[in-house]
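Novice: Since the structure of chain A is already known, use the hints to place chains B, C and D on it.
Protein chains in written order, with the working numbering: chain A, 1 to 479; chain B, 480 to 958; chain C, 959 to 1437; chain D, 1438 to 1916.
Because the hints were derived from the structure by calculation, they are not lab data.
All C-beta atoms, glycine included, are put in the ideal place defined by N, C-alpha and C.
Don't take every hint at face value.
[As the list claims (entries may be wrong)] Listed below are several chain D residues computed to face chain C (Cβ distance under 8 Å; list not exhaustive):
#: 1; residue: N1467
#: 2; residue: Q1477
#: 3; residue: H1478
#: 4; residue: Y1526
#: 5; residue: Y1694
#: 6; residue: R1697
#: 7; residue: L1753
[To be verified] DSSO-like cross-link-like pairs, simulated, lysine-lysine; straight-line CA separation at most 27 Å:
#: 8; chain 1: D; residue 1: K1636; chain 2: C; residue 2: K1301
#: 9; chain 1: B; residue 1: K822; chain 2: A; residue 2: K199
#: 10; chain 1: C; residue 1: K1312; chain 2: D; residue 2: K1780
#: 11; chain 1: C; residue 1: K1301; chain 2: D; residue 2: K1780
#: 12; chain 1: C; residue 1: K1157; chain 2: D; residue 2: K1780
#: 13; chain 1: B; residue 1: K833; chain 2: A; residue 2: K343
4 protein chains.
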Amino acid sequence: MQQDPMTQLDDHFHDECGVFGVFDQSEAANLTYLGLYAQQHRGQESAGIVATDGEHFHSHRDMGLVGDVFTPEDIARLKGRSSIGHVRYSTSGESGLRNCQPFSYQYAHGGIAMCHNGNIVNAGALRRELEEAGSIFQSTSDTEVLIHLVARSQGVTTGERVGEAVMRLEGGFSLLVLTETKLLAIRDRHGLRPLSLGKLGNSWVVSSETCAFDLIGAELVRDVAPGEMVVIDGDGLHSYQLFAPDQSRFCVFEYIYFARPDSTIAGTNVYQARYNIGVELAKESPVEADFVMPVPDSGVPPAMGYAAAIGYPFELGMIRNHYVGRTFIEPRQSIRNFGVKLKLNANRALIEGKRVVLVDDSIVRGTTSRKIVEMVRAAGAAEVHLRISSPPTTNSCYYGIDTPESSELMANQMNVEEMRCAIGADSLAFVSLDGLYRAVGRPRCLHCDACFSGDYPVPVEIAPSPQLSLLRYFSRHSK
Amino acid sequence: MQQDPMTQLDDHFHDECGVFGVFDQSEAANLTYLGLYAQQHRGQESAGIVATDGEHFHSHRDMGLVGDVFTPEDIARLKGRSSIGHVRYSTSGESGLRNCQPFSYQYAHGGIAMCHNGNIVNAGALRRELEEAGSIFQSTSDTEVLIHLVARSQGVTTGERVGEAVMRLEGGFSLLVLTETKLLAIRDRHGLRPLSLGKLGNSWVVSSETCAFDLIGAELVRDVAPGEMVVIDGDGLHSYQLFAPDQSRFCVFEYIYFARPDSTIAGTNVYQARYNIGVELAKESPVEADFVMPVPDSGVPPAMGYAAAIGYPFELGMIRNHYVGRTFIEPRQSIRNFGVKLKLNANRALIEGKRVVLVDDSIVRGTTSRKIVEMVRAAGAAEVHLRISSPPTTNSCYYGIDTPESSELMANQMNVEEMRCAIGADSLAFVSLDGLYRAVGRPRCLHCDACFSGDYPVPVEIAPSPQLSLLRYFSRHSK
Amino acid sequence: MQQDPMTQLDDHFHDECGVFGVFDQSEAANLTYLGLYAQQHRGQESAGIVATDGEHFHSHRDMGLVGDVFTPEDIARLKGRSSIGHVRYSTSGESGLRNCQPFSYQYAHGGIAMCHNGNIVNAGALRRELEEAGSIFQSTSDTEVLIHLVARSQGVTTGERVGEAVMRLEGGFSLLVLTETKLLAIRDRHGLRPLSLGKLGNSWVVSSETCAFDLIGAELVRDVAPGEMVVIDGDGLHSYQLFAPDQSRFCVFEYIYFARPDSTIAGTNVYQARYNIGVELAKESPVEADFVMPVPDSGVPPAMGYAAAIGYPFELGMIRNHYVGRTFIEPRQSIRNFGVKLKLNANRALIEGKRVVLVDDSIVRGTTSRKIVEMVRAAGAAEVHLRISSPPTTNSCYYGIDTPESSELMANQMNVEEMRCAIGADSLAFVSLDGLYRAVGRPRCLHCDACFSGDYPVPVEIAPSPQLSLLRYFSRHSK
Amino acid sequence: MQQDPMTQLDDHFHDECGVFGVFDQSEAANLTYLGLYAQQHRGQESAGIVATDGEHFHSHRDMGLVGDVFTPEDIARLKGRSSIGHVRYSTSGESGLRNCQPFSYQYAHGGIAMCHNGNIVNAGALRRELEEAGSIFQSTSDTEVLIHLVARSQGVTTGERVGEAVMRLEGGFSLLVLTETKLLAIRDRHGLRPLSLGKLGNSWVVSSETCAFDLIGAELVRDVAPGEMVVIDGDGLHSYQLFAPDQSRFCVFEYIYFARPDSTIAGTNVYQARYNIGVELAKESPVEADFVMPVPDSGVPPAMGYAAAIGYPFELGMIRNHYVGRTFIEPRQSIRNFGVKLKLNANRALIEGKRVVLVDDSIVRGTTSRKIVEMVRAAGAAEVHLRISSPPTTNSCYYGIDTPESSELMANQMNVEEMRCAIGADSLAFVSLDGLYRAVGRPRCLHCDACFSGDYPVPVEIAPSPQLSLLRYFSRHSK
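Chain A on its own, in the form it takes in the complex (with noise of 0.2 Å):
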């Protein structure tokens, strides 16, 4: 297949995957379709959801976004009142319905299914010691290891299985678990993804992200707490917690790009956290300018706390196409920034002999950065200047995030000025490590910033390998 000429634009951070659950209810598929529909954002390549009626369990998953992976008649064949799903960007290293989440499988003890979001750092040596014990794998996924590591368990509860080999696992992850009676939500010892508890009715709902709780009408209870094992069944909902309180350790990503800006995380909205970096990069990096204006979408929050702060006037420069789809179709002529404008465009009208303040999230390589740059001077800007509401990515994650090798972040390889002469700004300026922390609103050690800090909370098994690819022994194509 072609490349699409749209995603060596997206130059950004993602998300690896969204969850979401819902036990005892009488639309349960259907809600938890509702449920992904929402976390979208969180993972465009693969959907799957997995219900159970108490005997059987019901399993549809296939490629593509959740509005085409689900027909009516196959929500209506997901039948029974619990279900998990799961929406995914992209698995450590490859892709294909093989790995598609949730997975399902029957064991000594009945149907057992499982999605995730996030990462095991210590999957490799767990399925390699696995193998050594007679286990198969099918696929290259975190999730399957974990599997095996339950099957193996001598719990004698599904709870207790499921801790027992959780409690083997080192990384970022949320866990859902379904079995015929019960749904599990289980996050790692330093909550690294966020994972919410809520209530529809009389029925426990779980979600990545509580946009997810909004559009299904259900009340966000409280987040599940780092290192907590929550058991739902026909007793009500059971709190286990599997590590000793550990420091947690949030994903400060969240807030900067992917959470949906409608979410709350830890108590703190992510469209006003998103606001107030603005309002800090205002202070920490005025600049002489005739207004502010955003790289639509992410960069508007931010683009408007910093007008707001700064006293200028905050302008749509940029015009984003909002039919912006799937295309492998360009011109054979050189056409400037071409890619960058099938998305966006910059109006002329507006900013042609202008000093503009330009506010985007992030920058990564920062190949669209210089493109975008180049664009609004082309379109007349007198000076662009470029802040970025994020501070500068060194580092790789290795907790569920798709990120480039090091080696290829700009901010890895260019001190700060070197990097607004690549990119051709007039100034470039991030926000500090303090600045986006008051900006939250919450203490940094209660957060991982490794990407901008180096400080990985978790020892990560091979150090050179970003979102290491364990094993690439099947190829990409499989099914």
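Specialist: Just chains B, C and D, lined up with the frame of chain A:
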């Protein structure tokens, strides 16, 4: 096919089509593809391109979005240095492949292809006349009527034949005609629908909107004048004024909602016009409030103008789901404002306890407005003041815009206070016609505002039916 | 699209179309679907049905097999008590959706739909005349020419208009016309192509072949006569003889290959005619051999006749792969007679060391015959005696049959001994023209055998081009 | 999904699978594709190929026919010089992509892929034992049980591990195993299902049937022996006898119906065996009649044998629709024997007033036989004498053949006279067991004829359920 719950939401007038053409360029079809891609907002139901290599015509048309209708192989087969293309929202009364434009035919003088944006109000009468003379019709499109008139013309040149045919037409339309050796671009005598001329190197391009020129790197030269027929051939561009210099009556709603904000029409940038409408609205209808928030995305520029003019903060109190797509799956149980929530989510963290000014572009049937106000209140708003960046839409359009019957228009049945009450807002105000034209910066007499005023520049054939479906002879599903 | 290696194999003349119609029956579209299904052998490229409920016309047409083109939903939408349908192998020179029949149009007297099987040899001249008079053409189908003639007729009734138009046509065609209230069935003056009338209860049905009547349980009433126009309406069936009682010249090749063996044409059962040809062949060209084997499937009946007449065993020495379908995958390395082997496999166990008589229906280009003989030899045959159940095909057809240029016909370029040599058979013999007509049991003078004799009953417009493609104006891929 | 009326008709026992493998050949996947293509009659529900390049495994599997499942791009991605493939009719009890073979896994010793034709009767017990030991199962396929056994084996070489695993299996199966460096081919101890070894140049190939060798130009070397494990690697072919030289019990029904007529099994050509059965039938059960006609296509060889032996003409009294395919469209009104007529049409011209011997291969439930006899009578037959080229099928099969429950078998519930009466034939006769083996030409003791005799060579785990569905844990639609 089940109905998409999303479409129920889209309570707007809709532009029916966009056109694009290029003459004598090495990658004509590719550029036409991009010209349509940039104008996807003008029509999402079907897309088509006809190209000519000077000897044969090559055509590809299908239902769907531009990016889905054309594969690289399709584009490669559209050989030739000149081509025209079309996107359609839905034509008068019917849809289906049979009505996809451009149409291409062979007649006594060779091949001819045509497409248009707009509506020919005397198409029914002309069609009856042609049928009496032995013409046969395969579609219900006005374009087919026009091609018959051209084929029956005794004119010597293509220009004469097309000109003679066009002079018999009444209505609002922008028309492109392609022959083996010529590209013609014609605008109705009042210039109701937009059409601009541009240059890409030495090649002429024509487009409904200038945003298409930006994408392919072409320069805007000028708008085609009302009543003008431009003939482009190997000798260059020739202009003919088909009608006595009548008064321009350009559709003002293009500034309010139809056009892309980065397009420029008659010298006025659309984004700035919308921002200015917000400023006028703030002057005309101020209100005590805590902040201003738009209904995304069309409400954003006027909301920014309103906020800047009145001095309140501008906030994104509603978040749009960027991955919203077609979905046919609805929960069986009632979820309040479900349809609206699929697309928009009110951010409780921001809204709770606040008095908000909510800015939207228009109220058509009023059903969505009521749901949105209700959703904002459910998110805790203390007061909701609705401001609309157009005057009340009291009348249907007959010139190529998809509008409900007048009797379905809320503003046709109620006064503003009754509308406020029905919608459930604490206050409701529309921009005045005067304010609208101050914002646009051009005199009212050059525009058509029949949808607000009932002042129709062209008499319509059968008064009571908007966008009259002259013929429903062939059923919807026909191919 | 890559070429299917299978199609290279199919070295036959091909019938171009089949038609079916039903008048005033409660499930008209459904029966038309079945009528086309039974006649799929007459055309596999496209299928279409138009039905009328007396007020509107409903149409569904697409590329593909009948079973793929129509879903139950499609059939349900084809409302009405009368309908006509069409399957097509490929039209004169072009394909594509644009040329799918039936065509439906509106004209001064309401709606009209048409489809035909065959070829109108003066279509080019008529078309040029119509274009001069201002007609426009969207397809290259002869049917479009005819509808224009009907629309321009001054006749008072549909029958008068259609009759007047048909009288201008030269060629071989069977034509169905549907209006809101009538079904017309017309056969050219020589009755070159088949068309039969049947009754299903009180409803009239028409079909290219009688096997369609068998499937739906209808009774054969009679064949439509050469030059007859049958008009079926609420008052019953009315017959008009459009042409002076000219000589019948029915296509004898229908008996040899085109028609289904279980069809009956002019009172002769096709299977029996084929069997009898084998008997005649045995009498005319006996040979010493161990057994007789057919090239499946069309060679089976004459092989049975040959074997029975000469008294040798009849054996299935070649096995046909029943699941053979479209395949684009070929081995890179050479496999002898690969293309033939995908479809047929010679059974060594039976053939080894034996002298075999191999019976096939015709030799067109001769390429496949050579491969088949080679394959039989490779399976160990001691001698291979090829017997052909048609005379040598020396001339192209201009009356609706897909044939190569005469110069590509092996029998046009070589005598029988040269052909035997090229094909590599030990002996080669064709049935004689006399033997053929003895087998069919009807006098030669009532038939067209131009492909064997060069005696064309209707002069063709442009002599040297078989199935002349009057117009290649619109390219293949056009929709 | 609605049910295809065609499938109701197909009242046969069905072979469940076909396998093909090639070792060390430059276009392994392509040849495997062709090997499956030639064996499509053994399974139409799904197809799959796994290839290895010595390092990675590449897999492609999907529901559908071979020609639809694989594109040239798919084949190109299946890199490597060795591969195995599989077609499936339907596995024990379930279908769906989850059960498509070959399966490929990674385990402690690298990658391993497997596929089999047949059924492992003790799979349920082995599965429960493996689950107790901590194994997890994603499918219901017996193959997954086998791979777990291999993974848990302590054997040093692949051969030791696979051999140790296979020795625990009971049932009828032919199995292929692929590793990075080896291809293994194993047949159960009784050799119930076929498996042949061939050579293509210097490369080994294995196939369920020899017709696959013919297509690719390979030579048959020998059948794999009952209980033999063949290991092919870089050093050549190594043979291991896994079981004491037990009695061969090859499935005699392969000769009657399953295998392609051009295949040769145990030295007997299938077509000749079928012809001979007809001869035996004529000797055992002659009858006064005018001619002999088959139920196409499987009834053709025995009908030819019957006709030749008794000296009556052989006629094709029923014509098969060659384009018959999936159709979901049925008439609302009753058409007699509609389902049968979609596929077969009795030729009245031949049958009317005649006494016919009708030859079919088997009677399973008897429903189709009744309809066919009725159709032949409706076409005017004076007498219909039904002759069946197999003994009465009184018992279900447990060794990889899709059969109904014994209680659904007509011959299990009725004697021959009762069957004749229910079917409505004038006489009915089956070939005797002795006649069958005379026709095959090999002693009965080397065969399994449990479906006729109830003499099962391998005891089945749970007696009363044919092709027992050990597990219906995951639902049909699961992916």
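Novice: If a hint holds in the structure, say so; if it does not, say that too.
Specialist: Hints versus structure:
no.: 1; hint: N1467; result: holds (5 Å)
no.: 2; hint: Q1477; result: holds (4 Å)
no.: 3; hint: H1478; result: holds (6 Å)
no.: 4; hint: Y1526; result: violated (12 Å)
no.: 5; hint: Y1694; result: violated (13 Å)
no.: 6; hint: R1697; result: holds (6 Å)
no.: 7; hint: L1753; result: holds (6 Å)
no.: 8; hint: D/K1636 / C/K1301; result: holds (22 Å)
no.: 9; hint: B/K822 / A/K199; result: holds (22 Å)
no.: 10; hint: C/K1312 / D/K1780; result: violated (35 Å)
no.: 11; hint: C/K1301 / D/K1780; result: holds (20 Å)
no.: 12; hint: C/K1157 / D/K1780; result: holds (22 Å)
no.: 13; hint: B/K833 / A/K343; result: violated (35 Å)
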